[in-house]
Amino acid sequence: MKKSEIYFSIALDDQKVPEAISWRATDAGEKIHFAKAINISLWDRDEAGTMKIDLWTKDMPVDEMKYFCIDSIGAMAQSIMTATNDQVMAKKMRDLCEDLMKHVEQENKNNNG
Numbered sequence: 040m041k042k043s044e045i046y047f048s049i050a051l052d053d054q055k056v057p058e059a060i061s062w063r064a065t066d067a068g069e070k071i072h073f074a075k076a077i078n079i080s081l082w083d084r085d086e087a088g089t090m091k092i093d094l095w096t097k098d099m100p101v102d103e104m105k106y107f108c109i110d111s112i113g114a115m116a117q118s119i120m121t122a123t124n125d126q127v128m129a130k131k132m133r134d135l136c137e138d139l140m141k142h143v144e145q146e147n148k149n150n151n152g
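The opening position of the sequence shown corresponds to residue 40 in the numbering used here, with each subsequent residue numbered one higher.
One should not assume that every hint holds.
[What the hints assert, rightly or not] Heads up, simulated DSSO-like pairs for lysine-lysine below, C-alpha to C-alpha not over 27 Å straight-line:
#1 K55 with K42
#2 K91 with K42
#3 K75 with K148
#4 K91 with K75
#5 K41 with K91
#6 K97 with K70
#7 K105 with K131
#8 K130 with K141
#9 K97 with K148
#10 K105 with K75
#11 K91 with K55
#12 K75 with K141
These are calculated hints, taken from the structure and not from any lab test.
In this text the structure is predicted, and so the values were computed from the model without any measurement.
Model the full structure from these sequences, guided by the hints.
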């Protein structure tokens, strides 16, 4: 059986706030990648529930965090289609993404103009 591993490294300041997030995957070689935020969700087999890790760095702008969340919902919509072929659920999630994008765009317009 082939094994693949993903490693995350989080640099914290004195108040334990993330300053830097890096990651690498054994399948992708030794290259280290950097991120401003991570959102990891795991379905715990024993607890039959979701375990989450949400981290973001000090330099993650608010607008980028909003786009990150919208993108995450969109990715989950694709996951639900791939895993279950539930077109109704996937469409509702994509519709939510569209509504959230309109909200963020309107918010940006109001703040910049």
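How the hints compare with the structure:
no.	hint	in the structure
1	K55 with K42	32 Å, violated
2	K91 with K42	23 Å, holds
3	K75 with K148	24 Å, holds
4	K91 with K75	17 Å, holds
5	K41 with K91	26 Å, holds
6	K97 with K70	23 Å, holds
7	K105 with K131	19 Å, holds
8	K130 with K141	17 Å, holds
9	K97 with K148	24 Å, holds
10	K105 with K75	13 Å, holds
11	K91 with K55	18 Å, holds
12	K75 with K141	23 Å, holds
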